[in-house]
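Q: Single-letter residue listing:
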Amino acid sequence: MPGLTFDHVSKEFPGGTVAVRDLSLAIADGEFMIFVGPSGCGKTTALRMVAGLEKITSGTITVGDRVINDVSPRDRDIAMVFQNYALYPHMTVQRNLAFGLKERKTAKAEIERRVAEVSAMLGIDDLLKRRPAQLSGGQRQRVAMGRALVREPKAFLLDEPLSNLDAKLRVQVRGDLKRLHQRLGITTIYVTHDQVEAMTLGERVAVLSNGVLQQLGAPQDVYDHPVNLFVAGFIGSPPMNLLRAEAKAGVATAGDLSLPMAGLPDGDVVLGLRPEHLRPATDGQPSTEFQVEVVEPLGDGVIVHGTVSGTLVTAPSGDDEVLPRLAGDRAEITTKFEPTLRPSPGERMRLAIAPHHVHVFDGRTGDVIVQATA
Amino acid sequence: MSQASEIRAGTALPALEEEAGRDPRGDRFVFSWWHLVLFPLAILMVVPMIWMVITSVETLNETRHFPPILVPSGIRWQNYTDVLQRAPFARWFLNTLVVTVVVVAGNLLFCSLAGYAFARIKFFGRDVVFILVLATLMIPFQVIMIPTFLIVRKLGLIDTLGALIVPNLAGAFGIFLLRQFFRSLPIELEEAARIDGASRLGVLFKIVLPLSGPVLATVAVITFLWTWNDFLWPLVTIYNPDNMTLQLGLTTFQGAHQTNTHLLMAANVMSVLPVLFLFFGAQRFFIRGIATSGLKG
Amino acid sequence: MNVRRIMRSDHVAGWAFAFPAVALIVAFGIVPIVWSALMSFQKTNLLSTPEWIGLNNYRALPKDPLFKTSIVHAMIYAALFVPLSVGGGLFAAVALNRRIRGIRFYRLAVFVPVVVSTIATSIMFLWLFDPNFGLANWLLGKFGLGPFGFFTSSDGALYSIIAMTVWGWIGFDAIIYLAALQGVPQELLEAASLDGARSWSIFRNITLPLLGPATLFLVVFSTINAIQVFDEVYFLTKGGPGTATYVPVLYLFTLAFQQGIAGYAAAIAYVLLVAILILTVIQLWVGKRMVYYAS
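Chains as they are written, first to last, in our numbering: chain A, 1 to 374; chain B, 1 to 297; chain C, 1 to 295.
With the rest of the complex left out, here is chain A:
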């Protein structure tokens, strides 16, 4: 079975930067695997090691049962789609598609058959005579896909292939990609920093940070049961609210919120509260006072930003988009309501959360202590 295995793979660049540290994971034959993480987390380096564009410092990468560490890129039988597509500007679409087959001395008739087949499948058959400069962004993206597909490779590597498309096209191509994979079943590694792509596309996602694999699992599973603060903060949009709390005698206290959590060991903890799990409190529920600041109606729901008393924790993501959001001694949090529930700015309300939805992380290590149940 041709799957793809990373076995204790590390990559250290000259100068000592460690891009990937001791990565071990197995990708099954035909699986769609996502590498996700903020920029600089090592996901692209991991991909480039599979392609043979970066040397592996230690460990092995295996395709099927063949170790490919020292195999040159041309002999790996792996195809890759680059972020900027890397279409050969001096060749027509036809020749772009045929290039890889020609280099492998495929028979001419066979080349023509495959190019015709793939270009028909991707709907680029009327573009074959054009050059890349004469194509739109979406068309280039499809040609880049076609160039990879036409080779019928053992594995398919995609490096942020949607990031140069506009928002609408991105949603469409995302769907196309998923359909294509379902139809062809080629082992695929897909690198992205976009957690929406990670959630929607993959059969499994590998979350990376600072070169280290944080969590590996089905997208929903990673979303529901993040193993540490990084994954909790990175997966989900709007992101999970992380509040510093103290656990004492089975009660976790963050600001004016006291949640009974049976069996919780005493000490510093972090409470993880998903925006969609925060609800207006009914009488008698443990709750916190929420001051509404900004209301963002989305049509199918409302995102409400506001503050509660307490201290916010910033997930150690290294991602610029997640900035510490502190408002004096109050913590800025986000909730997501049904569209019927629309508070106005300045309004004060009490918010509650069902205890089984609360994620609890160790205050020092960031590892999960109590997993929420969905």
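It is possible that some hints are incorrect.
To be verified - Only part of the chain B face toward chain C is listed, based on derived beta-carbon distances under 7 angstroms:
# : residue
1 : Phe124
2 : Val128
3 : Ile287
Simulated from the structure, these hints should not be mistaken for laboratory data.
Just so you know, these numbers come straight off a predicted model, no measurement behind them.
Backbone N, C-alpha and C fix where the C-beta goes; we use that ideal spot for every residue, glycine too.
Could you slot chains B and C onto chain A? The hints should help.
A: Positioned in the frame of chain A, the structure of chains B and C alone reads:
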């Protein structure tokens, strides 16, 4: 920005050669005072050449006349055939052509290979070797001429076209220019080609070089000018008239026909014409080449 | 297996690609530099076995009147050729940098001498400057000047050569300057004119400083060229009349290839190299303090 425009941007050079438009106000009869400067300047630059052409179709008696005869009585093409009869001009032309073509081809090939290695391949000793290559760019030829002569003599090449070809087959200038250009190309293209199954050589010849047209043309043009117009090195290494290049041949012809000015000018016109034709044909590349580099024969 | 790994590594590929060019450059560039240095400490005529004589060649140089003469000529040549060709090139470029009718013809006229070889140029000027039948004497005569001997006169030969080489190089300098002029941002000039500056003031205060890097390059390049002048002198005067146009490279050539005093010639070559390096360093150093490089 699209890939293609990125690549073009990498070679972006001043559009000196572009057709200068009319007065932007659209009035073509506006008189610019700059004509009063430019016209005399242009005359000053072309007069020596026009005077050469006129003299080349005069009779000997017309040239021996003061004040000079500006409009000859007739056009005497015979001067040109006379030159061809009196000196192995065709031979010199052929020699120069062979030397120039081989040297230009050699530079394109060897400088491309080396330039690509220095640009993209990490190999042992690369940076040291590259600095060494660059250092030779600073050394005037006159300083190394004597030992180079001895080396070429040791190789048994003295008084052969080989003496003019072999030492000039690769130069630091071409390597440097090509390396800089190769580095400006998007590396993903080369990575894609390698994953597509191309070898290093395949990447260079099928991807990189087809995208390097303008810079290759620049290297070709500069090398051409340099080789075609070279004088000192042929003077040192070539003695047999049959092996001479045009520049060297011209000097021997001048020595033998000092007073036959009309023939001398005809010979000179013939020596200049090929370069002028090439210049008019490939003006863009000449001017770009000179603007980027700055080397004249 | 291990051998195969090495054979396919980047080290082998890199060396294989670079080798032909590097070998040529080492054989005909690096080796001669070193050899030349060794030779300058030897007595050799290019045929016999060289004899080691230490610093004797260099000691003899200051006492050699012909060497001193040739150095003086090179200095006069550089002192006139560099400002005239660079200044002339700047003037031509400024004049050519506008969109008027006929500009294509003007540019072509200025650029063409660049591709004409030194020998061809020399043949043209030999005729133009012919003392008896030349166009130059006729034209100058109309202004009541001359007749001049030009290349045949001891007083005028060096200056005639300078006039000719300036003609030959103005186009080159103009191309470099024109490229630089087209890199001057239009907004700067517009901003200055809105500030009320006059054309001359804009040129002096904005354009000229922005041309600094081009000027520095041309001054360095032209100086090196001036020190190396040979082709035209050899062809036109062979250093004469007398020694009126003797220049260092001509002296070096005569010594090495006609008189067989190659060791001494190599010493002259090295003195030239050191002179060029020193001049270049001085010019770059001065340039660094005066030239403004835009980002």
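Q: Compare the structure with each hint and give your call.
A: Hints and how they fare:
1. Phe124: holds, 5 angstroms
2. Val128: violated, 11 angstroms
3. Ile287: With a closest approach of 6 angstroms, the B/Ile287 hint holds.
Checked against the numbered hints given earlier, this structure breaks only hint 2.
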